[in-house]
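Enquirer: Please build the complete structure, drawing on both the sequences and the hints.
Remember, our numbering sits 1 above the position in the sequence shown when you count from 1.
No lab work stands behind these hints: they were computed from the structure.
The reader is advised that the hints may include incorrect statements.
[Unchecked claim] Here are the simulated DSS-like pairs of lysine-lysine, each with C-alpha atoms no more than 27 Å apart in a straight line: (1) K15 / K137; (2) K14 / K137; (3) K137 / K45; (4) K45 / K96; (5) K131 / K96.
[Claimed, not checked] Listed next, with one range per pair, are the computed distances between beta-carbon atoms: (6) D44 / D8: 48 to 56 Å; (7) W6 / T95: 20 to 28 Å; (8) T95 / K14: 19 to 27 Å.
Backbone N, C-alpha and C fix where the C-beta goes; we use that ideal spot for every residue, glycine too.
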Amino acid sequence: MGIFWSDAQPAVKKETKRVAFLTCMGTVVMWGAFAVLHRTVSDKIPFDYRVILGGVGGTFTAVFNFFLMGLAVQEIAVIPDEERARARMQASYTKRMLLQILWIILAVTVPFFQFAAGLIPLFFPGTFLKLQGIRKSRM
Numbered sequence: 002m003g004i005f006w007s008d009a010q011p012a013v014k015k016e017t018k019r020v021a022f023l024t025c026m027g028t029v030v031m032w033g034a035f036a037v038l039h040r041t042v043s044d045k046i047p048f049d050y051r052v053i054l055g056g057v058g059g060t061f062t063a064v065f066n067f068f069l070m071g072l073a074v075q076e077i078a079v080i081p082d083e084e085r086a087r088a089r090m091q092a093s094y095t096k097r098m099l100l101q102i103l104w105i106i107l108a109v110t111v112p113f114f115q116f117a118a119g120l121i122p123l124f125f126p127g128t129f130l131k132l133q134g135i136r137k138s139r140m
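Expert: Structure below.
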């Protein structure tokens, strides 16, 4: 991410750091929920290295996806032709969805990832951004 990071505008870096922090906090809360649920129904809810690795992989994928979206928006903002900009945004969206699908396939099929712990962090960035939008609209 170093090469990409140096090309990013300050606003993209700032938002990515914020999303990374919130996604990491969400993952820690998720791990806590797994631990509590494991203590109550240990035969159904695991809490082992697979939960940790799934959470780390899901968090990385979610944050990297958000960062790539920020880079795409930054790039598209300077394209004067609306059709070209739209095509570029669609291409970016497709690549980012493929990245997430690849992670989902890995999280579900590779035995050292707990699939739910790998998938749940993918929802954190969008959820946090929607909550932030709701909070700002009420102010």
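Enquirer: Run every hint past the structure and note whether it holds.
Expert: How the hints compare with the structure:
no.: 1; hint: K15 / K137; result: 18 Å, holds
no.: 2; hint: K14 / K137; result: 21 Å, holds
no.: 3; hint: K137 / K45; result: 39 Å, violated
no.: 4; hint: K45 / K96; result: 35 Å, violated
no.: 5; hint: K131 / K96; result: 23 Å, holds
no.: 6; hint: D44 / D8: 48 to 56 Å; result: 49 Å, holds
no.: 7; hint: W6 / T95: 20 to 28 Å; result: 23 Å, holds
no.: 8; hint: T95 / K14: 19 to 27 Å; result: 24 Å, holds
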